[in-house]
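Undergrad: Residue numbers (our numbering), protein chains in the order written: chain A, 61 to 378; chain B, 136 to 452.
It should be emphasised that the hints constitute simulated quantities derived from the structure, not laboratory data.
Yeah, the Cβ is synthetic: ideal placement off N, Cα and C, and Gly gets one too.
Take the hints with a grain of salt, since some may be wrong.
EDC-like cross-link-like pairs, simulated, lysine to aspartate or glutamate; straight-line CA separation at most 20 Å [claimed, not checked]:
hint	chain 1	residue 1	chain 2	residue 2
1	A	Lys370	B	Asp282
2	B	Lys153	A	Asp271
3	A	Lys376	B	Glu281
4	A	Lys374	B	Glu281
5	A	Lys370	B	Asp227
6	B	Lys153	A	Glu275
7	B	Lys439	A	Glu275
So the derived label-pair ranges between C-beta atoms look like this [what the hints assert, rightly or not]:
hint	chain 1	residue 1	chain 2	residue 2	range
8	B	Ile150	A	Val239	47 to 55 Å
9	A	Ser328	B	Thr207	33 to 41 Å
10	B	Ala280	A	Arg267	26 to 34 Å
11	B	Tyr345	A	Ser328	57 to 65 Å
12	A	Lys181	B	Tyr345	30 to 38 Å
Which residues of chain A face chain B? A partial, calculated answer using Cβ under 7 Å [as the list claims (entries may be wrong)]:
hint	residue
13	Leu105
14	Ile107
15	Trp114
16	Ile215
17	Tyr220
18	Ile247
19	Ser334
20	Ala354
21	Ile356
22	Val361
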Amino acid sequence: MTDTSSSLLGKAAKATPAPIASRIRGISDRSMAWLFITPAIALLLAINIFPLIWAIYLSFTNFRANRPNAPIEGVGLSNYSRVLNDPNIWQAMQTTAHFVFWTILLQTLIGFSLAYLIDRKFRGHAFWTTVILVPMMLSPAVVGNFWRFLYQPQIGLFNYIVSFITGIPPSSFEMLGSVPLSPWAIIIVDTWMWTPYVMLICLAGLRSIPDYIYEAAEVDRASLWRQFWSITLPMALPFIMLAVLFRGIENFKMFDMVTLLTGGGPGSTTEVASITLKREAFESWRTGRASAFAIILFVAVFGLANIYVKALNKVKQR
Amino acid sequence: MSSVNTAHSVVEPGIATKRIAATIVIAYALITMIPLVWIVMTSFKSPPDSISYPPKIVFQPTLEGYCNLFTTRTRQTSDYIASLGAATSTCDEITRSRNMVIAGSSNYWPRFQNSLVIAFGSTFLAVSLGTLAAYGFSRFKVPLAEDLLFFILSTRMMPPIAVAIPIYLMYRELGLSDTALGMILLYTAVNVSLAVWLLKGFIDEIPREYEEAAMIDGYTRMQAFFKVVLPQATTGIAATAIFCLIFAWNEYAFAVLLTSGEAQTAPPFIPTIIGEGGQDWPAVAAGTTIFVVPILVFTILLRKQLLRGITFGAVRK
Chain A
61 MTDTSSSLLG
71 KAAKATPAPI
81 ASRIRGISDR
91 SMAWLFITPA
101 IALLLAINIF
111 PLIWAIYLSF
121 TNFRANRPNA
131 PIEGVGLSNY
141 SRVLNDPNIW
151 QAMQTTAHFV
161 FWTILLQTLI
171 GFSLAYLIDR
181 KFRGHAFWTT
191 VILVPMMLSP
201 AVVGNFWRFL
211 YQPQIGLFNY
221 IVSFITGIPP
231 SSFEMLGSVP
241 LSPWAIIIVD
251 TWMWTPYVML
261 ICLAGLRSIP
271 DYIYEAAEVD
281 RASLWRQFWS
291 ITLPMALPFI
301 MLAVLFRGIE
311 NFKMFDMVTL
321 LTGGGPGSTT
331 EVASITLKRE
341 AFESWRTGRA
351 SAFAIILFVA
361 VFGLANIYVK
371 ALNKVKQR
Chain B
136 MSSVNTAHSV
146 VEPGIATKRI
156 AATIVIAYAL
166 ITMIPLVWIV
176 MTSFKSPPDS
186 ISYPPKIVFQ
196 PTLEGYCNLF
206 TTRTRQTSDY
216 IASLGAATST
226 CDEITRSRNM
236 VIAGSSNYWP
246 RFQNSLVIAF
256 GSTFLAVSLG
266 TLAAYGFSRF
276 KVPLAEDLLF
286 FILSTRMMPP
296 IAVAIPIYLM
306 YRELGLSDTA
316 LGMILLYTAV
326 NVSLAVWLLK
336 GFIDEIPREY
346 EEAAMIDGYT
356 RMQAFFKVVL
366 PQATTGIAAT
376 AIFCLIFAWN
386 EYAFAVLLTS
396 GEAQTAPPFI
406 PTIIGEGGQD
416 WPAVAAGTTI
426 FVVPILVFTI
436 LLRKQLLRGI
446 TFGAVRK
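The shape of chain B in the complex, shown without the other chains (with noise of 0.2 Å):
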């Protein structure tokens, strides 16, 4: 450590310095967080109060938008809803507050599954094929590695739009398309060469030794790479796994042009909610901020993956 005056050192930054930088990264943090504070404010608003001059930052909280997100809904006279009964639910009384009554579910829930099971699914495969090749590439002599390791890489210049035109075609020919199948092979596709480097990067880091003398003590390669790599690889695998599913629960040029329903994830389907009268602010607001809370949780829990995720990244590329 340095023993001439810290007030200035960038070894071990004096207090004044760690203040200032302090103030100012907090500041940013705010700055930047008022967009998502607004979205999920919105998601509790009354349509009038969604679109109100001034922005209203105090308002009666409601839930009609998570209402409105998850049902569809028709106008009714209010005699006819007089005629009805007692509300069952709150959601019941919302819409009957409002002339309405509910004419069935929405396709948010729907849509939102498909999300799951695209995104999950696709992360899945592409950290299963990943970790194979990655451990591959690190240890093996791979004829033209550097090349087939470039190749990899290059796959994800290509501007979405461009891929999804022969996609689309081969899709249509295959019966892939609008299929959650079709968009998890894709979405691994993207994902597969992601995977391949960040875990190199970390499997790079693992001593051979370890497997060496593994199989010295009669492990197969495999059973040495099962049994000794892979949890090993753990921290590696985990990080690469989030980046995975970051990039499929967030996708959306793909979704859009190669699914129209059955396959339809929450990305293209959230800025399509239509309430009377243009865009209902807060049903989108709803929508976003369920769609958006299991990426926060991912965020918080496992942010230390997290950071060596990308710096790995960084550094091996």
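One chain only, chain A, in its complex shape (with noise of 0.2 Å):
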């Protein structure tokens, strides 16, 4: 690439070959590091981790951020107690995990099938894939706002549609309003938004497989179905994993598409966990209560993603 002689400095590190770049900089190694690195961990400290210390915090005390000069007192693991023994609490926890479970497993079908076909390279494939993402790319807000117009049982298009194709008359299905329907009302739209990036991550996946493999293969006259189990799965396992696991993560704390569809309603069919932590902390103003409920699911994610990513390694490492 570069005449090295050409330099004085160049001159110099030839007769010190090891330590080359150390001689040159004149600013010690691991103070160059903490130069590049400070300025990002500075913020994430500032905007995450010190409010993060101060929820821990609150969490062992009464405040309520709406009487901001009331004294503040603890009252210790109360806040923690009440909430794992509010009935409404672990209700909001179900319904959560109703919702984590049902999208991704729509989502992880309907995107690796897509990721699959797509893998075969279809004349204008490109172009297909890149009209399937345009979903993701969308505001979660927008979208449920969006289509709680097309939920709606007098005007709406989904019910045009649905009752245009199974023939039930289009009010006596009401997405939003029926307690068995709501949840399934908000699953569609995660679906629909969210299963694009689960297949964008499975074709990388499926991309990463060397085609020697399947050359192997096909001279063993291995059949398709043969192919699809023992290589093409296995191999993309890790990807699928991992689109799970950050499908996962961010359902668990799904807000504005419920909030925007739903609100929580009808009754508390849809009120997902981050809904009820909304309304503990800016509608009843229990701080203290609200941050002990934080803690507690920032701990269960947290641990839940450990557990998972250990297990994730190891099929990785097969």
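Both chains come to you apart, so use the hints to assemble them.
TA: What follows is the structure, given as structure tokens:
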């Protein structure tokens, strides 16, 4: 690339080949590293960690954010025990788990199938991949708001199409207003929006499988079915698991779409953890208890994600 | 290339296989586009057309939705409207035909501007800080690097509402609540973790020898970074920037909790557009359409970087 002997420094470096860099730099590796890393870490400390520590502190107090001047009293672990004994909160956790399960199942199945088909590299596959990507580029709140329009029982396009196909009169199913259907209304929108994301990651996985493995299988006259089960699926599995991890963490935090679609209703059928948390924190103003709930949620996601990543690494190493 | 019967080969799929795959994928793509097409169509409908049943596919297009989006209107008697003289603009004509006059501009444009400032500001900051940190992690022996990187990633696991409680209190103390600066800092913090992870992947790909050669030529580490590494990482930086931009552009939870007016962005604003007797769907659709267009343009123009960005992210994480 460059003519090293042309510069003085180059000659000096030649004399002592091993620690070239440290001689030239004049500033030590370590301080250099910190110079590069500190700004990002500092910002994260200020905007993420400091508030987190504050939240931990608040979770042990009876502080209410709408009464900032009232004296703050420590209440020990009572916030935590109240949260853990609150049936509403357990209900919300269950609702969240239900959403996470179904959205991941549907998105993985559809997303992987699409990726598998797109990997056939038919003419125009790049264009159609871009078209499929569009929903995930949109704002979940705006999407939720608009799907509320599509779901209107009297005027909505969704109800019209479903009743056109099935013959059920549109007024007899209210996607957002009925207890059995409203969770599915949200699952449908989430799947519509995020399947492309799972598809992309699966596509990356499929593209990472080297051709020669298939060629070898071809020589051995392995059937397509056999190739799929013993090459495609196992080799793409780490990617599928990764997609599941990302979607799992994201959907555990699900807030905007649900807020705009149902607001947690009817009753509390679609009240996910984030909505309960928002009610506790910004409507009931029980800041201390909300903080305790937030910490519990964080520990739960963090713990589950850690266990999952361990499993993922095992799959990768196979 | 395999020489055996390729009709069922995965290495080079046969024409029949390709055709079936193409049909299914195109069908899915078309179905997935229906809601979006419907948004755009609704934005050009009159309010009665937008709520007719069965839904109208053929309709008389009008700019009423866009007019309603950008203005506030008051109802007047037809005598009063007749006394005003000729209408001066299309929007004027539309409102008068509905027995209304324009009372002023709506809040949509200021909210849209907030979205622009906050999204681009935070993207610029996140990518700058992220590039530096990614380079640091990629090239230097950082003590506890693995732990730091995991810590950076873990900041994304917190539900936004949970972080919002203390940030709400902190911003209230610092006078940052409902300010563009506060939102820029917040979105930067959220995005920087993604930026570090994505960019570390890209920078790891650039051979160290490039900078070492430059430094042997007399460049300092900084110069080598700016003149050698940065140009090489352009694609990665672009991909990362798009992701940060999309997040900041679309974010709702923090925006709705931490802004109430001045610094409010478009996502919390659009659902609040109310017409006479409920939501004004053509205006909402118009607001959505305008809001979505930049992201659509980005997606189409930069699809290659986008694909690389997501797949790189997937491989690295």
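Undergrad: Now tell me if each hint is right for this structure.
TA: The hints, checked one at a time:
1. Of the supplied pair hints, the one linking Lys370(A) and Asp282(B) holds, its CA atoms being roughly 15 Å apart against a limit of 20 Å.
2. Between Lys153(B) and Asp271(A), the direct Cα distance comes to roughly 17 Å. Compliance with the 20 Å bound is thereby established for this hinted pair.
3. Among the hinted pairs, Lys376(A) with Glu281(B) is consistent with the structure: their alpha-carbon atoms are about 18 Å apart, no more than 20 Å.
4. Taking the CA atoms of Lys374(A) and Glu281(B), the gap is near 18 Å; set against the 20 Å cutoff, the hint holds.
5. The hinted pair formed by Lys370(A) and Asp227(B) fails the criterion: a straight-line CA distance of about 64 Å is larger than 20 Å.
6. Taken as a hint, the Lys153(B) and Glu275(A) pair is honoured in the structure, with Cα atoms around 18 Å apart against an allowance of 20 Å.
7. A hinted pair counts as satisfied when its Cα atoms are at most 20 Å apart, and Lys439(B) with Glu275(A) does not qualify at roughly 28 Å.
8. Roughly 49 Å separates the CB atoms of Ile150(B) and Val239(A), a value that falls within the hinted 47 to 55 Å.
9. About 36 Å separates the C-beta atoms of Ser328(A) and Thr207(B), a value consistent with the hinted range of 33 to 41 Å.
10. A hinted range of 26 to 34 Å holds for the C-beta pair Ala280(B) and Arg267(A), which are about 29 Å apart.
11. For Tyr345(B) and Ser328(A), the Cβ-Cβ distance of about 58 Å falls inside the hinted range of 57 to 65 Å, so the restraint holds.
12. A hinted range of 30 to 38 Å for the beta carbons of Lys181(A) and Tyr345(B) is consistent with their spacing of about 33 Å.
13. The criterion of a C-beta within 7 Å of any C-beta in chain B is not met by Leu105(A), whose closest approach is roughly 9 Å, and the hint is violated.
14. Hint status for Ile107(A): holds, given a least beta-carbon distance of 4 Å to chain B, under 7 Å.
15. Interface hint status for Trp114(A): upheld, as the beta-carbon distance to the closest one in chain B is roughly 4 Å, under 7 Å.
16. The criterion of a C-beta within 7 Å of any C-beta in chain B is met by Ile215(A), whose closest approach is roughly 5 Å, and the hint holds.
17. A least Cβ separation of about 5 Å between Tyr220(A) and chain B falls short of the 7 Å threshold, and the interface hint therefore holds.
18. Interface restraint check for Ile247(A): the shortest CB-CB distance to chain B comes to about 15 Å, outside 7 Å, so the restraint is violated.
19. Checking Ser334(A) against chain B by beta carbon gives a least distance of about 5 Å; that is within 7 Å, so the hint holds.
20. Because the smallest distance between the Cβ of Ala354(A) and any Cβ of chain B comes to about 3 Å, under 7 Å, the interface hint for this residue holds.
21. Proximity of Ile356(A) to chain B is violated relative to the hint, the smallest CB-CB distance being about 10 Å (cut-off 7 Å).
22. Annotation: interface hint on Val361(A) holds; nearest CB of chain B at approximately 5 Å, less than 7 Å.
The structure shown violates the earlier hints numbered 5, 7, 13, 18 and 21.
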